[in-house]
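Colleague: Below, each chain spelled out in residue letters.
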Amino acid sequence: MNVVHPHRTLQHAYRRDLRSHDTPPLLNLRGRASGYIKTPQTPGTLPAKLFCMEINTAAYAANPAYDELLDADCRPRDAARPLFDFIDALSPETLEARRQAVDAAIMAMGITFTVYSDGANIDRAWPFDLIPRVMAKKEWERIEAGLKQRLTALNLFIDDLYNEQRIVKDGVFPIEVLEGSKNFREQCRGISPRFGVWAHVCGTDLVRDRDGTVYVLEDNLRVPSGVSYMLENRQLMKRMFPEMFLTSRILPVDDYPTQLHDTLAALSPRDTARPVIAVLTPGIFNSAYFEHSYLAQQMGAFLVEGSDLVVQDDDCVYMKTISGLRRVDVVYRRIDDDFLDPEAFRPDSTLGVTGLMRAWRAGRVGIANAPGAGVADDKVVYTFVPQIIKYYLDEEPIIPNVPSWLCMYEDQRDYVLAHLDELVVKPANESGGYGMLIGPRATPEERAQFAELIRENPRNYMAQPTLSISTAPTLMDGKLAPRHLDLRPFVLQSDRLYATTGGLTRVALREGSLVVNSSQGGGSKDTWIVDMEGA
Amino acid sequence: MLSRVAENLYWMTRYLERAENTARLINSTTQVLLDLPRGASFGWDVLIKVAGLDAVAAERGIVMDETGIMRFLIEDEDNPSSIVSSIHFARENTRTFREVLPMEIWERINRLFLYIRAEARQAAQGRRARYEVLNGVIEQRQSIIGLLSGSMSHDIAFQFLKLGRNIERADMTTRIVDVNSAVQLPTDQVVAVPTMERLWMGTLNTLSAYQMYRRHVGVHVRSQDVVNFLLKDPHFPRTAIHCLNEIEGCLSALPRHETAMKAARQAWRRLESMRLDDLAPVVLHEYLDQIQSDLGAIHAAVAKQYFHLHQDLAAQTQTNQ
Chain U
1 MNVVHPHRTL QHAYRRDLRS HDTPPLLNLR GRASGYIKTP QTPGTLPAKL FCMEINTAAY
61 AANPAYDELL DADCRPRDAA RPLFDFIDAL SPETLEARRQ AVDAAIMAMG ITFTVYSDGA
121 NIDRAWPFDL IPRVMAKKEW ERIEAGLKQR LTALNLFIDD LYNEQRIVKD GVFPIEVLEG
181 SKNFREQCRG ISPRFGVWAH VCGTDLVRDR DGTVYVLEDN LRVPSGVSYM LENRQLMKRM
241 FPEMFLTSRI LPVDDYPTQL HDTLAALSPR DTARPVIAVL TPGIFNSAYF EHSYLAQQMG
301 AFLVEGSDLV VQDDDCVYMK TISGLRRVDV VYRRIDDDFL DPEAFRPDST LGVTGLMRAW
361 RAGRVGIANA PGAGVADDKV VYTFVPQIIK YYLDEEPIIP NVPSWLCMYE DQRDYVLAHL
421 DELVVKPANE SGGYGMLIGP RATPEERAQF AELIRENPRN YMAQPTLSIS TAPTLMDGKL
481 APRHLDLRPF VLQSDRLYAT TGGLTRVALR EGSLVVNSSQ GGGSKDTWIV DMEGA
Chain V
536 MLSRVAENLY WMTRYLERAE NTARLINSTT QVLLDLPRGA SFGWDVLIKV AGLDAVAAER
596 GIVMDETGIM RFLIEDEDNP SSIVSSIHFA RENTRTFREV LPMEIWERIN RLFLYIRAEA
656 RQAAQGRRAR YEVLNGVIEQ RQSIIGLLSG SMSHDIAFQF LKLGRNIERA DMTTRIVDVN
716 SAVQLPTDQV VAVPTMERLW MGTLNTLSAY QMYRRHVGVH VRSQDVVNFL LKDPHFPRTA
776 IHCLNEIEGC LSALPRHETA MKAARQAWRR LESMRLDDLA PVVLHEYLDQ IQSDLGAIHA
836 AVAKQYFHLH QDLAAQTQTN Q
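Chains as they are written, first to last, in this note's numbering: chain U, 1 to 535; chain V, 536 to 856.
In short, the hints are calculated from the structure, not lab data. Among the clues, some could well be false.
Simulated DEER-style distance windows between Cβ atoms [to be verified]:
#1 H843(V) x R455(U): 56 to 62 Å
#2 G300(U) x R800(V): 32 to 38 Å
#3 D211(U) x R652(V): 46 to 52 Å
#4 M638(V) x R358(U): 33 to 39 Å
#5 A362(U) x M638(V): 33 to 39 Å
All residues carry an ideal CB built from backbone N, CA and C; glycine is no exception.
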């Protein structure tokens, strides 16, 4: 009986992808095992209930951090008042029902992130907290200006590094930092991409310290992810709490895909009305695959894998379609430099496209972010950003850096080595919290080992004081408890400069935890920028 | 349209169609068994043969009783054609082209997957739950088809969906028609004739075709009439010939379809010329095999032309389309 069914394509796909993922997944929604520590504070008398919701008063009494929504007496801050007015009108049962509905919607919408463990991919539902993080529009506008200022300066800096290196010649940026940079790509020397912009999409991580000051913690200039979750979080909130949005005080966030599309379209080498944009993904097994397909869908772009593209002798990039080859104008790549083009970078990469760099250098394709843009995504380079802003823009930084010590300078290194028990020490090029020392939580042995590492390779380390990062009330077992969080806005630059309204708020769901990484018990919240004028 | 995406779209609907037809087959078989008279025998293992899964089942060491076979066909993830596997593959395939489908489609397919994953065990174990659960699969699958045709542009992507659906559907119809060839009837004609009639009624029900058969063919359910109807009626949407017509329609909307179209026409002509009256079960079985291999030829031509087109890249360069 010749009834054997034809081959199963997907099984082939599995095999192909498994092979290409011999290297670990490249992209993560990166969190940091941050070293921010809290110290106990004298508890005052706190209300046990906030409107209809119970507050975990013990937890709040012990919370030394700045809370985004509640003041020291556990009363709503001004911007959070409309939120609590709304919650007040709900019964606890209604609230619980909505919470369950949100969980069901997350499952049904398939908002997931992928965790690779034990040789299998596990699709986990996106952990989402109902209580949004709220910020007044006035404060946001200052931050937004700071983000745009920062990305503008960083792009001028990257373009300068790959060309004249004026900032080095002028003695503002030390040559030894440049020489020690892992992400400086010789292959990019002498190239000046359109608009002089290298980092078209930037995810900037912000944290707020105890005194309320917002700091930039890091600039993610390679393949920052998370924006789809920001958009989906808002969709969820609108689906579940449409009433909250009736007052029009909460600013919308959903223009991001259009802005991203236009930012990318501006990079097209051909002057066509509808340039062909492709989102280049490492594939379905990547932890951020959901986001890649989401953005392609929202922008009306093609979602491609490396094997879907080919560079021909004319140095143009084509995708393989059912009717032959079709030229691609702009590649929004979500693959690290190393894997982008086996001809230019790692020859063993199976994720990339042979000849892509050649096509880019010839000006036949736009690539975002440009190869080599990661040179400014380095924790040692980070410490120079205030000087970089001053040098190129002659402005003071609007959002401050976290004060930092550079181990490459002897006096600063001595200070770091003497204060290892109170500092957080980070390596220059790692992300995701790898290879760092959280001084106050480390054992004396760990600190001694780390001191050795610093002495061996001082260029590779920088240190920061331990901040007490802010919290927001989060529903835990039906009670509001403080949980630490950060904020990742996304900033776009090409022919325009754009920042998301707010960004992705990531929250550490475990008590006392500072790890906002979704694979390690992190979750997220909707982020509201609230217009308080006339309120 | 990317070749990889076209291929995944095509397989996505094949998997869904396979899951739906397997559900149909199991449901109607469960019903028919209740009506078999003493002396007639019909083993559950027929379903495995019909689905072409003998080898897989043997390899897996399946216990050939009702529960064993139901578990194999419904929930066994090591059987690539089980209902759970098919829907799982369809869902995973859908992920790779979410950007070309209306957003709700992903949600529906995801929901179908979550549903069958939760209910499969129960459906495998008891007849009562089985009927409900498998009907749920059929209904949800139908709502996906409805949503697709009502909310998706009838563009190239749509043609690949339709192509996969019709190739798989024609294939499954021939397999379902094949089920009765495995029934051992009692020798007593007084019992055998009405039994056969009930079996064919069951076959029609499997394909939701009973009512239309009665309207267009007649009240009597005779095997040759049913076989003729299910293979050659041009109007009922699950017949082999109807699917072949749909396949031709899809192909004519695709670029460079000559080879695949030739294979489709060949299949159509061969089916059209088959004389299906008063066939011995063995001969019918051979005819059905022929149709299945003709469908395989269409698949091969489609795969070569659209999915694995790029062996000769330079020859086909076109800068814009």
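Colleague: For this structure, which hints from the list above don't hold up?
Modeller: Failing hints: none at all.
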